[in-house]
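What follows is the residue order along each chain.
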Amino acid sequence: MTMPDATIWLIILGLAVGTFLLRFSFLGLLGDTPLPGWIRRLLRFTPVAVFPAIVAPLVVFPAATDGSPDPSRAAAALVALALAVAFRSVLAALAGGAATLYLMLWLIG
Amino acid sequence: MPASTAKSNFWAGFTQGLPFIFVIAPFGALFGVVGTEAGLDIPQVMAFTVLVIAGAAQFTAVQLMTDNAPVILILAAALMVNLRMAMYSAALVPYLGAAPLWQRALVAYLNVDQCYACAAARYEARPGMTVRERVAFFLGVAAPVAPLWYVATWVGATLGATVPEAWALDFALPITFIALLGPLLRTVPNIAAALVSAAMALVLRGLPPGIGLILAAACALVTGALVEIWLERRA
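Chains as they are written, first to last, in my numbering: chain A, 1 to 109; chain B, 1 to 235.
Source of the hints: derived by calculation from the structure; they are not laboratory data. C-beta: ideal position from N, C-alpha, C; glycine also. Check the hints yourself; a few may be wrong.
Stated by the list, open to error - Chain B residues, not near chain A, derived (Cβ > 12 angstroms throughout):
{"hint": "1", "residue": "Thr5"}
{"hint": "2", "residue": "Ser8"}
{"hint": "3", "residue": "Phe59"}
{"hint": "4", "residue": "Thr66"}
{"hint": "5", "residue": "Arg84"}
{"hint": "6", "residue": "Cys118"}
{"hint": "7", "residue": "Gly128"}
{"hint": "8", "residue": "Val151"}
{"hint": "9", "residue": "Thr158"}
{"hint": "10", "residue": "Leu159"}
{"hint": "11", "residue": "Phe171"}
{"hint": "12", "residue": "Ala172"}
{"hint": "13", "residue": "Arg186"}
{"hint": "14", "residue": "Met200"}
{"hint": "15", "residue": "Arg205"}
{"hint": "16", "residue": "Ile214"}
Unchecked claim - Which bits of chain B does chain A cover? Going by a derived footprint, with three or more residues having C-beta under 8 angstroms, they are:
{"hint": "17", "segment": "20 to 29"}
{"hint": "18", "segment": "76 to 83"}
{"hint": "19", "segment": "87 to 93"}
{"hint": "20", "segment": "141 to 150"}
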């Protein structure tokens, strides 16, 4: 990159402040003001609504293969998901996913 | 309220945060490598990791900095990637809203995906927790997660380009989110929300970073709530 140091620091600090404000926003400003029931019902689905949207494009179009579908990464994702659902275990999912990825990369490249 | 219940909640959180070392270590190291390769010095890489503490947004920013994009566009794109954090913030209000301001600020700084996911699952499963126990649990999850993120980044920045591509560190990120998601896929509304989320994200992936994610998540929130209401009425 051809950026002056001051610009780099401006970006780092701007991103730090902005990210904190996003994280602090509702929790900091609302405090214990009760939220309406329908909002609480929506918010309970936050994790299942956000995580698949992050994962799906990364699995189907991995950046490491310039966006072309990759059997090794797809297999690793499926194994991790199956283990995470079956055992409710983060550790099993992480270990199984990594093992599958390395095994597949070693077998078929 | 005895301090011991706060303490036991801290350690329960710590135990749940520990497995993430397997993905945070490679992912943090990858950021260190990518950051130094892009031309950042070690203080700049570390400032990113300690002050921003949001991997996906950090990668987005560095990528755009490498392309010499305008500052305002870099900030907008990276903050867009972090918009989901505002959703986490809102989702924690019913559980942690009554905590003192400094504790809410501390939780906000540490509100990364792993901490949020573990905490939200625990709070929902145990409605009897006190606010203090909830804060203790949250900090317990963060205790192994945040420091390791710093150290891993520093190791990656120091080793730099000697990390081979064959390690496929890129896939630490999706595997993390899959591991966080899997245990939640136990109810029909949750499964419906997850399917809509994934499908919409694929359809909308051409939009600028973060926008497709937020739109997909919004559709999924509504889907989950509607399916839940429908099942309640049928029962």
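Verification of the supplied hints:
With a minimum CB-CB distance of about 21 angstroms to chain A, Thr5 (chain B) clears the 12 angstroms threshold, and the non-interface call stands. No Cβ of chain A approaches the Cβ of Ser8 (chain B) within 12 angstroms, the least distance being about 20 angstroms, so the stated non-interface status holds. Distance check for Phe59 (chain B) against chain A: the nearest CB is about 10 angstroms away, which does not clear 12 angstroms, and the non-interface claim fails. Residue-level check failed: Thr66 (chain B) sits 5 angstroms from the nearest beta carbon of chain A, not beyond 12 angstroms.
At the 12 angstroms boundary, the C-beta of Arg84 (chain B) falls inside the reach of chain A, the nearest C-beta of that chain being 5 angstroms off. Here Cys118 (chain B) does not stay apart from chain A, with its beta-carbon only about 8 angstroms from theirs, under the 12 angstroms limit. The claim that Gly128 (chain B) lies off the interface holds: its Cβ sits roughly 17 angstroms from the closest Cβ of chain A, which is beyond the 12 angstroms cut-off. For Val151 (chain B), the requirement that its beta carbon stay farther than 12 angstroms from each beta carbon of chain A is met, with the minimum near 18 angstroms.
The beta carbon of Thr158 (chain B) sits about 19 angstroms from the closest Cβ of chain A, which is more than 12 angstroms, so the claim that it is off the interface holds. Every C-beta of chain A lies more than 12 angstroms from that of Leu159 (chain B), the closest at about 19 angstroms, which supports listing it as non-interface. A beta-carbon of chain A comes within 12 angstroms of the beta-carbon of Phe171 (chain B); the shortest separation is about 6 angstroms. Some Cβ of chain A comes within 12 angstroms of the Cβ of Ala172 (chain B); the nearest lies about 8 angstroms off, and the non-interface call is violated.
With a closest Cβ-Cβ approach of about 8 angstroms to chain A, Arg186 (chain B) is found to fall inside the 12 angstroms limit, against its non-interface label. Chain A draws Met200 (chain B) into its interface by the beta-carbon criterion, the shortest separation being 7 angstroms against a cut-off of 12 angstroms. In this structure Arg205 (chain B) is not separated from chain A by more than 12 angstroms, as the shortest Cβ-Cβ distance comes to only about 5 angstroms. Non-interface call for Ile214 (chain B) relative to chain A: violated, since the shortest CB-CB distance, roughly 8 angstroms, does not exceed 12 angstroms.
Look at the segment 20 to 29 of chain B against chain A: 3 of its residues bring a Cβ nearer than 8 angstroms to a Cβ of that chain, three or more, so the hint holds. Residues of the segment 76 to 83 of chain B lying with their CB closer than 8 angstroms to a CB of chain A number 4, which satisfies the three-residue condition for coverage. Here the segment 87 to 93 of chain B counts 7 residues with a CB under 8 angstroms from a CB of chain A, which clears the bar of 3, and the coverage holds. Judged by the Cβ-Cβ criterion of 8 angstroms, the segment 141 to 150 of chain B is not covered by chain A as claimed, because only 0 of its residues qualify and three are needed.
Hint check: violations occur at hints 3, 4, 5, 6, 11, 12, 13, 14, 15, 16, 20; the rest are consistent with the structure.
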